[in-house]
Amino acid sequence: MWVRREQIIRKIIRLQQNELYQLVQKSLNLLFPFVLIGSISQLIQITMLNRNSLLPTIFGFSSWLSRYRFIEIIFDHLTSLTLGIVAALAAFSMAHYTAKRYQRDEKLASITGLIAYLILTVRYTNNGELAFGQDMLGMGGLFLGFLVGYLVGLSFKHLANSQQQDKSSSGVTWNRALDSLRAIIIVLVVAICFSILLNWLAISVLPDQVILRLQSLKANQTSLLFSVAIVLLAGIMTFFGLTSMPIPAHFGRNGVAMTANLNYALIHHTIWGVPYPFSLGTLYESFGAIGGTGSTLSLVIAIFLFSNQRDQQLIGRWSLLPVLFNFNSAILVGVPVLGNGLYIIPFLLVPLVNVGIAASAIALHLMPAVVYQVPLGTPSLLQALIGTNGNWVTLLVMVLNVGIGVWLYRPFVKLSNRLNTQGDGLDATER
Amino acid sequence: MPRNVKKWSIIFLIASLIGIGILAWPSIQWMHKNVTAISKRHDSNMSPVIFIPGSSATQNRFDGLIDKLNDRRGKRHSLLKVTGPY
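Chains as they are written, first to last, in the numbering used here: chain G, 1 to 431; chain U, 1001 to 1086.
Rather than coming from a laboratory, the hints here were simulated on the basis of the structure. Fair warning: this is a prediction, and the values are worked out from it, not measured in the lab. Certain hints may be false.
[Claimed, not checked] Dumping the calculated EDC-like pairs for lysine to aspartate or glutamate here, alpha-carbon to alpha-carbon at most 20 Å:
#1 U:1006 with G:311
#2 G:157 with G:179
#3 U:1007 with G:311
Could you put together the complete structure from these sequences and hints?
What follows is the structure in structure tokens.
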């Protein structure tokens, strides 16, 4: 066992020394403040200012909110302009670090990366208005953003002259622009070609649609196997920044199976023995994503309990409130979890285990399945409690799930501590 | 890392959990009310049929038709006649 752990550590260290990997991690670091602000603004908007969400409903200020909708719109736009354009920012920062790595002009490269990515997401409309495909700009486009940024950086490597450290000239140096001009023009032309192609084919390059399509098939919604497969798929795609579904609210909730369950409950006046107890809607949102995809609430708690790193503790603290309400973008980018070889195992495993526990509890008739629609902005810990109309056993299962999640995340948080101290040692010897 | 950092993280966590715990009671009360409302709506599943007579007809324009409908079925339909102001 010990030997295997050493092997894992060595593998992760090798991965962390990989150049591309380091570039991605550095770029994620740069994105963190904006993702955090976006998440907090999203949290405020959805939990407190949306008139259909839980807090306004139970404390009765919904009607007041509908009179002052502009307050919600302010936060909505703030979210759109931070969290909502994170993929474009990823292209920006990735181009920056890649160009810097090859000693090219990183400032021009980053601006080129940003513009190239925005061009890719442009939707050409008949009335000539400037419009962007929003799904490609948000968290779901992260992978694409990094890819575009990296390619822009590489283009600068091959097409631009290396940056001259010419400090003698006074004021603006025009050489700098001229050195990179060829690279900028070629990158933008290529971006326009791809953008035209995407518009012409009218396809989304994001795989979100695959999940949505799969889960709209009636036959699929009902079996446990399908639910487990979708949980895994959602985890993998989130991990690699390929899906914009960090809020699983619009995911698995309004399917045929859920409607059948609700009808059953209304006809028989009981939520015990619904026809489809193991569907996505009963298992995933309530139990498989406590704190968002990857059950990140467990990760935050594991960081609080076991991390010796000050920055991780602080990132955890900032992300805690959004995570409690299922908005986990900040913790995914901050730790970072995304693309981080260290966390892939628990990130995929914890939701599966949690779904398994919930499914067994339902199968053993310890608790009923989640049947009722839960309002927007419900804390993840209360989802099942409210969705079963107040069955307290669900809360116990929830606590058990979070506890097991923390236990599964614990070795990896400790490993992160160890890698951090070893990394510091490495830095010290290099210096 | 100073021990305080971890301590404050955990205090913050506990405070947040207590906050959410406080939410549990009112939200369950609300959900009880909500579920009662939807099941009532589900149980009283009526589909009203609205008849509108021509402009010169009286309230009793459809009496014959309604008698016939009630005649065929054992149970009598509920009926509401509404006449607006001229």
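Here is how each hint holds up against the structure:
Of the pairs offered as hints, the one joining residue 1006 (chain U) and residue 311 (chain G) holds, with about 11 Å between alpha carbons and a cut-off of 20 Å not exceeded. Proposed proximity of residue 157 (chain G) and residue 179 (chain G) is supported: the alpha carbons are some 11 Å apart, at most 20 Å. Restraint check for residue 1007 (chain U) and residue 311 (chain G): satisfied, since their Cα atoms lie roughly 14 Å apart, inside the 20 Å limit.
Violation of the numbered hints given earlier is absent; every hint is satisfied by the structure.
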